[in-house]
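Q: Given chain A, work out where chain B should sit, using these hints.
Number of protein chains: 2
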Amino acid sequence: MTREALFDQIRQKESYLCVGLDTDIQKIPAHLHSAEDPLFEFNKQIIDATHEFAVAYKPNIAFYEAHGVKGWQSLEKTIDYIPDDIFVIADAKRGDIGNTSKMYARAFFENMACDAVTVAPYMGADSVKPFLEFEEKWVILLALTSNAGGKDFQNLELTQGGELFEEVLRKSAEWGSKEELMYVVGATRAEALTGIRKIIPNHFLLVPGVGAQGGSLEEVSRHGMNDHCGLLVNSSRGIIYASDGEDFATVAGTKALTLQEEMKNYLNKFL
Amino acid sequence: MTREALFDQIRQKESYLCVGLDTDIQKIPAHLHSAEDPLFEFNKQIIDATHEFAVAYKPNIAFYEAHGVKGWQSLEKTIDYIPDDIFVIADAKRGDIGNTSKMYARAFFENMACDAVTVAPYMGADSVKPFLEFEEKWVILLALTSNAGGKDFQNLELTQGGELFEEVLRKSAEWGSKEELMYVVGATRAEALTGIRKIIPNHFLLVPGVGAQGGSLEEVSRHGMNDHCGLLVNSSRGIIYASDGEDFATVAGTKALTLQEEMKNYLNKFL
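Chains A and B supply the protein sequences, listed in that same order.
So for the first sequence, numbering that gives the first Met the number 0 puts the first residue at 0; every next one is plus one.
So for the second sequence, numbering that gives the first Met the number 0 puts the first residue at 0; every next one is plus one.
The following block holds chain A by itself, in its conformation from the complex (with noise of 0.2 Å):
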């Protein structure tokens, strides 16, 4: 997907919610699980009931690679189901070597028709590179992680001025453009975002960690957002597990539609 068909999206569908599809089978509904496949079970009717107000999806892999090849099923099943017009997101923080990064990519863009996998990238241009290779595809490169961890070395500082994570953003801006390079940023530290533009101010950020904690979609959208918005919001927990009974579709398109209602209102604001 471009740039360019992504904001087309954003601007119809009025909103730039990303729904993290988490989907953990010990978290989904009991009546699932006589499912023939449960998680994807869940994720059909999650995806019935929040598409429009999402302009994204986001499986983390992880949670289907535990699963092995059943999972593995689920996740291409998943991602076959979801609609065209709206942005696939395989997290999966993957990064190793020229070589074995364009095997990664495979999987993912080819194999899958994902449109974006999240990189991490500590080992360097080449083994980021080869996700840039593919038209119309997405790297999304960790930069800023709202976990705690994040900033064992995320915020080191260094002698040539600035922080890790800076240093990541300037670097690899001179990877890939603003039409396949994307970051994740953490939303705990909306305030940062400020910073963040003045490297990146064209690019599209990932934001997760908004939702389920609340109250700072509002400070990351007036910090983050740019001409094209340039940002993706994304929720899971706070959707996708609002309620655990038989309704949880249900809750969860409620939930999206909160959120969308309140992006509509940011992109009248900031945009």
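The set of hints was computed from the structure by calculation and includes no laboratory data.
Take these hints with a grain of salt, some might be off.
Note that the list lumps identical chains together, so a pair holds whenever it fits in one copy or between two copies.
Under the rule of at most 27 Å between Cα atoms (straight-line distance), these lysine-lysine pairs were calculated in the DSSO-like manner [stated by the list, open to error]:
hint, residue 1, residue 2
1, K197, K177
2, K101, K43
3, K197, K150
4, K12, K76
5, K263, K177
6, K197, K76
7, K26, K101
8, K43, K69
9, K268, K43
10, K150, K101
11, K26, K128
12, K197, K128
13, K170, K150
14, K12, K150
15, K128, K177
16, K76, K101
17, K177, K26
18, K69, K101
19, K268, K26
20, K26, K76
21, K43, K12
22, K69, K268
23, K128, K150
24, K177, K150
A: Leaving out everything else, chain B in the frame of chain A:
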């Protein structure tokens, strides 16, 4: 597998060879393409021919994942086929926030009988620790990789002193002991091993990049060995693709034997 059991195996086989199963459908001999499961058939014959000389196998997960469900089946069969007394490394370079890393740990430690998984450090402590909760299982953390892009971030100088990869070693050594944590250290920088051994004298190192390139095994062994050997030296292409004919397994066995004989010398010399 415990550290002592691994060391026992090293002494018994007089080898610290890890064979990398980077099994690429485009590179395996043509006559295997008609097999029901070409990737597994290739691996099976490689394992049969090399298991006497190797103490570890390291399938790189990307090469299997690129084939989706089918590739995942080949991977599971391969891991099942590896003899129980040999150390199995899932070269997956995973890493995510806590509950998600736990899912990856389950994928490789419970769903498959791997002994170790490679993990990327960028997301910090809570992305690594979930892997360490599994008894007699190992994290092999990326520290200094031998690819060209390795220097993009790993060698950045920190204001607190030292380079990023040294801080990765120092900080992570507080998360896990030498009984559960190893490090990936690229062989193209054998001289760096002396400095690395000052920071982590007792941990095992997984050293890729020996064999196909050749020549540095002696230097790696001289600078890297400790009182428990402390080295697993990987060779992938130099062994598994040494011949692309019907004799590929025999030739692979010969290559593995040659490396084992060299390692026997270095064990006598440096241990």
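Q: With reference to the structure, classify each hint as holding or not holding.
A: Here is what the structure says about each hint:
| no. | hint | in the structure |
| --- | --- | --- |
| 1 | K197 with K177 | within (14 Å within a copy, 42 Å between copies) |
| 2 | K101 with K43 | between (30 Å within a copy, 25 Å between copies) |
| 3 | K197 with K150 | both (21 Å within a copy, 25 Å between copies) |
| 4 | K12 with K76 | within (25 Å within a copy, 45 Å between copies) |
| 5 | K263 with K177 | within (23 Å within a copy, 53 Å between copies) |
| 6 | K197 with K76 | neither (40 Å within a copy, 50 Å between copies) |
| 7 | K26 with K101 | between (34 Å within a copy, 15 Å between copies) |
| 8 | K43 with K69 | both (16 Å within a copy, 23 Å between copies) |
| 9 | K268 with K43 | neither (33 Å within a copy, 61 Å between copies) |
| 10 | K150 with K101 | between (29 Å within a copy, 20 Å between copies) |
| 11 | K26 with K128 | between (36 Å within a copy, 22 Å between copies) |
| 12 | K197 with K128 | within (23 Å within a copy, 34 Å between copies) |
| 13 | K170 with K150 | both (19 Å within a copy, 12 Å between copies) |
| 14 | K12 with K150 | neither (35 Å within a copy, 43 Å between copies) |
| 15 | K128 with K177 | within (14 Å within a copy, 34 Å between copies) |
| 16 | K76 with K101 | both (23 Å within a copy, 23 Å between copies) |
| 17 | K177 with K26 | neither (36 Å within a copy, 35 Å between copies) |
| 18 | K69 with K101 | both (24 Å within a copy, 18 Å between copies) |
| 19 | K268 with K26 | neither (37 Å within a copy, 55 Å between copies) |
| 20 | K26 with K76 | within (20 Å within a copy, 29 Å between copies) |
| 21 | K43 with K12 | within (20 Å within a copy, 52 Å between copies) |
| 22 | K69 with K268 | neither (45 Å within a copy, 49 Å between copies) |
| 23 | K128 with K150 | both (26 Å within a copy, 15 Å between copies) |
| 24 | K177 with K150 | both (26 Å within a copy, 24 Å between copies) |
Of the numbered hints stated above, those contradicted by the structure are hints 6, 9, 14, 17, 19, 22, listed in ascending order.
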